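Student: Chains as they are written, first to last, in my numbering: chain A, 20 to 293; chain B, 31 to 291; chain C, 3 to 240.
In case anyone wonders, no lab produced these hints; they're calculated from the structure.
All figures in this text were calculated on a predicted structure; none of them were measured in a lab.
Be aware that one or more of the hints could be misleading.
As a list, the in silico DSS-like pairs of lysine-lysine whose alpha-carbon atoms are at most 30 Å apart [to be verified]: (1) A:Lys287 to C:Lys20; (2) B:Lys224 to A:Lys200; (3) A:Lys287 to A:Lys272; (4) A:Lys272 to C:Lys61; (5) B:Lys224 to A:Lys281; (6) A:Lys200 to A:Lys122; (7) C:Lys32 to C:Lys72; (8) B:Lys224 to A:Lys272; (9) B:Lys61 to C:Lys127; (10) B:Lys75 to B:Lys61; (11) C:Lys61 to A:Lys281; (12) C:Lys24 to A:Lys122; (13) C:Lys20 to A:Lys200; (14) A:Lys273 to C:Lys61; (15) C:Lys24 to A:Lys281; (16) A:Lys193 to C:Lys20; (17) C:Lys72 to A:Lys127; (18) B:Lys53 to C:Lys127; (19) A:Lys127 to A:Lys200; (20) C:Lys32 to C:Lys127; (21) C:Lys197 to C:Lys127; (22) B:Lys224 to A:Lys273.
Listed below are several chain C residues computed to face chain A (Cβ distance under 10 Å; list not exhaustive) [said to hold, decoys possible]: (23) Phe16; (24) Gly17; (25) Ala18; (26) Arg19; (27) Pro57; (28) Thr59; (29) Arg210.
Ideal Cβ positions, reconstructed from N, Cα and C, are used throughout, including at glycine.
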Amino acid sequence: MRTELKIALVLAIVGGVLTTAAFVMAFTTAAMQHHNTVVNAPGFIDTVYEIAPPQLQPNPPDGTVNYHNPWFSQKIFYFHVPIAQLSLLVFALAALFAGMFLKTRDPKYDIRSRIGMETTLIFTIGTMISGSMWTRASWISSWGEMGRVLLSEPRLVTYTVMLMFVVAYFVLRKSVEDEEKRASYSAVFTILAFLIVPFSFAYTRLTQQIQAHPTDVLQQGMDTSNLIPFIVAIIGMMALGYAIYILRVAEEKKRAQLEHIKEDIEDKLATLAH
Amino acid sequence: MDRLPQTSVQETPTPDTGSTLPKLSGWRQYKALLRKDIAQEFRTKEMVTSMGLYGMLVLVIYYIALSQTGLGFDITRIAAGLLLLMIVFTSMLGLNRSLIHEHDQGQLEALLLAPIDRPIIFLAKATTNLLFLVVVQLVVVPFFYVMFVAGSLTIHLGEVTPGPWWMLAIALLLGSIGIAGVGTLLATISVNTKGRDFILAVLFIPVMFPLLLVLVSAVNAVILGGSGYEATFWTMCAAAMAFNAVMIAAAYALYEFILGV
Amino acid sequence: MQPAIVAEGVSRSFGARKALDKVSFELPDKAFLSIFGPNGAGKTTLLKILATLLPITGKGTAQVCGFDVKHDAEELRRRIGLISHNPLLYRDLSAEENLQFFAELYCISNPEQRISELLEAVELKHRRYDVVRGFSRGMIQRLSIARALLPKPQVLFLDEPYSGLDPHAFDILDSLIENIRSEHTFVMVSHDLDKGLDLASHALILSRGEIVLYDRCDQLDTTAFRQTYRDVVGLGVS
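Can you make the complete structure from the sequences, with help from the hints?
Tutor: Laid out in structure tokens, this is it:
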């Protein structure tokens, strides 16, 4: 227990430092990258990422594409992508622990799976917030168009569905009294939900004609000055996430012990009274 | 009072002669479960009437919602979504009812006490749910078609050339299979919780999301027709089948964990 | 004659919470075991484990009629019946349809004859085509006894069968159980000390998942037994 907490502390510090470093680098060392599809236009062009689909572009008369805030659009990237990736990773872990719970019936896996889902909730919300900031900055001219992007973009839709799953998961947990039933039901639901994620992504893509997510940036490669803060941010956030996970597991363990001691004391008092 | 039949004169005093007990037949048990659900439904007509009536009420609500659109508005363009929406709402009601029937008097415990493979219980329940969904749709979908699609088609004829009705039937059947298969698992969970129907909705809609998405696309292709609609239709049906195969297999495998506690 | 029930170190827990803790006992064939104990002592849990409705956690084992509850569950299920305070019947089916359904689940050969026999025995022959929904509490309980006896079980489990019955139904159930008393092994969970001791050949007191007392009734010092029971229940209540 002691060493676990030490590890958590170290990871929390390292994660914090790395994330902060990535943040600073994003604003200082990272160069604005030039995408080869957009050329002439000074200032207000976000050249880093793929262009928004024509339906969603504000069209200035000279035919160039204007973005509202290219500078911000690039900076948010270093936080949005790592959070989005981690939320999927954590969801996968929650599903894995759910499976282990069903196999062993050991409540410790139920606790881990639940903490995984809590983390998924936080990371998914983080993804949605940073994502909508990015969306606002780079592909659309008004909040009104946000709705259209949301309906048409597979990743956004998938994350919205994931958010629904996590919320449903906690609603389900709240509504089952018996501990073991609660654990089994939520484990079954977690596995089911995890299986749905690839379907949500693939089928949204299948049924939509519009392609609106900046995927090119990952395919075309990044400038070293951009890649470094990106990787540092991923490592930093993973360390932070893992530290939080260790602390939460330790907390839940203590809580269970406390409950146990409480019951013991009540029993002993009852015996004495008798 | 008469003496009870002599149960003490048992053919099987010790387990080693257990072979004299009649052979268990999963098929016979499956049929018995189906017959029981159908007999129950024939007597009460509870599921079919409540689902059918609810479906009709949804149609009334659609009518109200669309009352100001005027003749120029082409309802066929949104008909697929409206149709699937109605099916989702009615089937959630039915799924919930069907599992309450197994829960009220502890009947599920009696089933679990009988020498049945757990998956047979799942398969039987999913089959009857599918059956009732199809029966309800046979009644409600024609109404929907007459109220919202047929009229619009006469006005917008030429712009819209719908595909044959059997394609619509295939799409809706695929939907019902997925809803009955996965829905049976979710309803078994929700019936054991506080606030059953609400929990079912919360679990059901995100799980059904991908299936509904491709089915709306398939139904839309059939209703609107146009060039190459068949290709879209079959792609979407294949996607629905893939979803059904994976998710029903998962539900089948996971069902035991719901019952085992 | 092999014993009807052998339990060895049967435990059931979820995390730190123990519902049953290493319960071991042996029950001879055709005995009547009454299980007593305060609420939450693990009585129903023990019954459900023996009836294969709940799994054992940990290393313990239990055999009923010579079948292991875990490995031979399906074979065992054909040889046990459960009468609970819950009727476990379908209210929208007739008495006969209910029995027919369960006869099919147990794959009983010649079900018609068996069902007639049983309906006669529980005095429901005249109501066989009536829907259970209209039955009184006592009639429902009689029908559920018929349901439990359908596969000619070797062991019958009774989960507080008397709770919620009016005095008349209580008497009928009493005489029914009295009638079949010698033909089956019984395991009954009960709150009612007098009722439980009346019928029992063996008595078992559980408290917090552990056996406090297990003995044959004819060797039992009744006053001492009652004292122990009061002590244990007193503990559980506070």
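Student: Indicate, hint by hint, whether the structure satisfies it.
Tutor: Structure-based check of all given hints:
{"no.": "1", "hint": "A:Lys287 to C:Lys20", "result": "holds (17 Å)"}
{"no.": "2", "hint": "B:Lys224 to A:Lys200", "result": "holds (13 Å)"}
{"no.": "3", "hint": "A:Lys287 to A:Lys272", "result": "holds (23 Å)"}
{"no.": "4", "hint": "A:Lys272 to C:Lys61", "result": "holds (24 Å)"}
{"no.": "5", "hint": "B:Lys224 to A:Lys281", "result": "holds (27 Å)"}
{"no.": "6", "hint": "A:Lys200 to A:Lys122", "result": "holds (14 Å)"}
{"no.": "7", "hint": "C:Lys32 to C:Lys72", "result": "holds (23 Å)"}
{"no.": "8", "hint": "B:Lys224 to A:Lys272", "result": "holds (27 Å)"}
{"no.": "9", "hint": "B:Lys61 to C:Lys127", "result": "holds (26 Å)"}
{"no.": "10", "hint": "B:Lys75 to B:Lys61", "result": "holds (20 Å)"}
{"no.": "11", "hint": "C:Lys61 to A:Lys281", "result": "holds (28 Å)"}
{"no.": "12", "hint": "C:Lys24 to A:Lys122", "result": "holds (22 Å)"}
{"no.": "13", "hint": "C:Lys20 to A:Lys200", "result": "holds (15 Å)"}
{"no.": "14", "hint": "A:Lys273 to C:Lys61", "result": "holds (27 Å)"}
{"no.": "15", "hint": "C:Lys24 to A:Lys281", "result": "holds (23 Å)"}
{"no.": "16", "hint": "A:Lys193 to C:Lys20", "result": "holds (23 Å)"}
{"no.": "17", "hint": "C:Lys72 to A:Lys127", "result": "holds (24 Å)"}
{"no.": "18", "hint": "B:Lys53 to C:Lys127", "result": "holds (29 Å)"}
{"no.": "19", "hint": "A:Lys127 to A:Lys200", "result": "holds (15 Å)"}
{"no.": "20", "hint": "C:Lys32 to C:Lys127", "result": "holds (28 Å)"}
{"no.": "21", "hint": "C:Lys197 to C:Lys127", "result": "holds (29 Å)"}
{"no.": "22", "hint": "B:Lys224 to A:Lys273", "result": "holds (29 Å)"}
{"no.": "23", "hint": "Phe16", "result": "holds (5 Å)"}
{"no.": "24", "hint": "Gly17", "result": "holds (4 Å)"}
{"no.": "25", "hint": "Ala18", "result": "holds (5 Å)"}
{"no.": "26", "hint": "Arg19", "result": "holds (7 Å)"}
{"no.": "27", "hint": "Pro57", "result": "holds (8 Å)"}
{"no.": "28", "hint": "Thr59", "result": "holds (7 Å)"}
{"no.": "29", "hint": "Arg210", "result": "holds (8 Å)"}
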